[in-house]
Amino acid sequence: MPRHEGFFFAPKTAWKALLMTAQPAESLTGAQSLVRSLESVGAEVVFGIPGGAILPAYDPLFDSKTLRHILVRHEQGAGHAAEGYAQATGKVGVCMATSGPGATNLVTPIADAYMDSVPMVAITGQVPSGSIGTDAFQEADIVGITMPITKHNFLVQHVDDIPRTIAEAFHLASTGRPGPVLVDLPKDILQQTGSFAWPPQLDLPGYHPTTRPHAKQVREAAKLIASAKRPVLYVGGGVLKARAAAELRVLAELTGIPVVTTLMARGAFPDSHPQHLGMPGMHGTVSAVTSLQKSDLLICLGARFDDRVTGKLDSFAPGAAVIHADIDPAEIGKNRTADVPIVGDCRETIADLVVAVGELYEAGTRADISAWWAEVDGWRQRYPLGYAEPTDGSLAPQHVITRIGQIAGPEAIFVSGVGQHQMWASQFISYENPYTWLNSGGAGTMGYAVPAAMGAKVGRPEATVWAIDGDGCFQMTNQELVTCAIEGIPIKVAVINNGNLGMVRQWQTLFYDSRYSNTKLQSKRIPDFVKLAEAMGCVGLRCDTTSDVDATIEKAMAVDDAPVVIDFVVGEDAMVWPMVPAGTSNDEILAARDTRPVWDANDV
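Here our numbering is used: the first residue of the sequence shown is 10, the next is one more, and so on.
Where hints are given, some of them may not hold.
[Stated by the list, open to error] Using 30 Å as the maximum straight-line C-alpha spacing, the simulated BS3-like pairs for lysine-lysine come out as follows:
no., residue 1, residue 2
1, Lys238, Lys343
2, Lys225, Lys343
3, Lys321, Lys343
4, Lys540, Lys564
FYI, nobody ran anything at the bench for these hints, they're computed from the structure.
All chains, full assembly: derive it from the sequences and hints.
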């Protein structure tokens with residue numbers, strides 16, 4: 010897939026060719042201009058719900074030959090579906106809503122996309138221009154509301170501005186650090202007649218993202234890499250956004266350095282690779298967390314030193330120098346001072362590092378890291394990921410998720426909600442390929458999985474798409490299964506049903522003396538997820554014994570013409586381990602409940 014170095018993920022040459030094939034101006038309504046603009050930028054799918062203010066746009070949309078509109082059941086579902094589509098394909102996701110509550114229902118997925126750098130364009134209707142500011146029916150200042158959570162947003166004030174605004178929105182969403190852009194369209198602007206000409210002239214004089222890294226900084230980074238004795242490649246989601254997984258593997262194998270991949274970077278480096286230590290962070294592997302703590306050099310590529318990775322920031326990797334490469338200069342030095350800052354696209358940065366490091370190796374400059382690997386392998390062998398079978402005979406959620414990953418295989422796409430099941434899915438499924446793990450990382454949005462899986466399946470219809478959800482998350486957005494059933498989007502949903510808000514219950518067990526205040530969700534199987542699935546046009550299955558797990562998953566895999574929901578009834582006391590308690594140092598990582606830290610922080 011082409012990298013996002015030009016216009017809408019197209020190569021620069023393609024955009025230049027487009028500029029040379031200008032179309033004659035036409036007289037169109039604003040609504041027609043909007044639809045034509047979306048067609049012209051290459052949009053394929055719009056997830057949305059019509060309403061009064063956006064209704065003019067739905068009339069020409071009805072006649073479009075290239076735009077598929079998917080009628081969701083809630084605007085939040087539209088936004089998350091656009092995210093899932095974007096994350097699975099690398100293209101810009103598009104969602105549409107009317108004014109007021111329609112627009113505000115998009116706020117959560119817009120914030121989610123902003124935190125996770127997802128390219129998305131949200132199109133909202135607005136009350137007529139003359140009514141703005143009068144508290145008109147279904148009026149909300151969605152531009153003001155979303156200003157802190159969008160890369161940029163627009164209130165269109167003239168019908169002739171629609172083509173340029175849509176072009177700029179897609180350009181901003183997909184280039185530099187990707188992110189959501191909102192376009193707010195007053196109803197009267199959609200109804201007016203104006204001039205449509207394509208391609209428009211973009212007017213973004215202050216927007217010039219740096220993609221090429223500075224050669225001097227790359228050389229300085231290479232010197233640190235070649236001389237470090239305890240280095241770690243700390244890989245974030247920016248590597249995936251830059252389509253740089255292949256370059257990362259070349260750098261890793263050239264240097265032989267241990268690799269950790271954050272929650273947003275799972276799949277950027279194969280789990281099966283001997284250099285991969287797994288995921289760092291609050292629920293990361295002991296070897297990943299410990300290697301960061303004990304390192305003398307962190308090579309941070311497209312990550313942002315998030316608090317879930319660093320734990321207590323002033324105790325994070327105290328003896329490490331830092332190389333920090335990111336396309337967003339605002340991230341560099343924000344949480345951790347960088348000894349060598351590199352602003353640039355991760356793909357280009359890593360490619361340049363490969364050349365610079367290789368030259369130093371050829372010149373005989375290369376530190377011996379065999380002792381470091383012996384230490385790292387010791388942690389890996391002593392503290393592998395694992396779990397204990399429940400003593401009460403209940404079904405282990407970790408076993409369920411492991412078998413889903415193994416039976417579906419590494420080519421499948423796994424989309425997770427937020428909570429314990431998210432952590433188990435990140436731990437116990439082996440990710441061998443990029444863009445096969447989608448989740449809400451920064452915002453931690455419950456309800457993400459089902460609509461995002463829907464969007465991923467629309468974008469990648471040939472792929473098997475599993476939503477790994479919890480019973481709490483599932484009850485927030487499961488109405489989008491109706492959309493899936495009606496629109497022919499056969500996703501598969503595994504509900505890890507422990508009858509509780511599992512992660513909150515875990516914290517109550519550990520830190521609140523097992524006082525389970527308002528975390529129990531189910532009583533007498535209310536709701537019955539199998540009946541609920543069937544009522545929404547899906548195949549409903551239930552599994553509550555270990556011996557039936559494989560057969561149930563295989564039965565779901567055999568269904569390819571309807572969505573499938575499996576109610577996996579699991580024990581309520583399973584916990585996610587390892588764990589770094591919130592606000593503490595990574596030195597305090599626990600391997601199991603009531604244990605001491607897995608290593609002595611003073612034992613260097």
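Hint-by-hint comparison with the structure:
1. Lys238 to Lys343: 26 Å, holds
2. Lys225 to Lys343: 22 Å, holds
3. Lys321 to Lys343: 15 Å, holds
4. Lys540 to Lys564: 17 Å, holds
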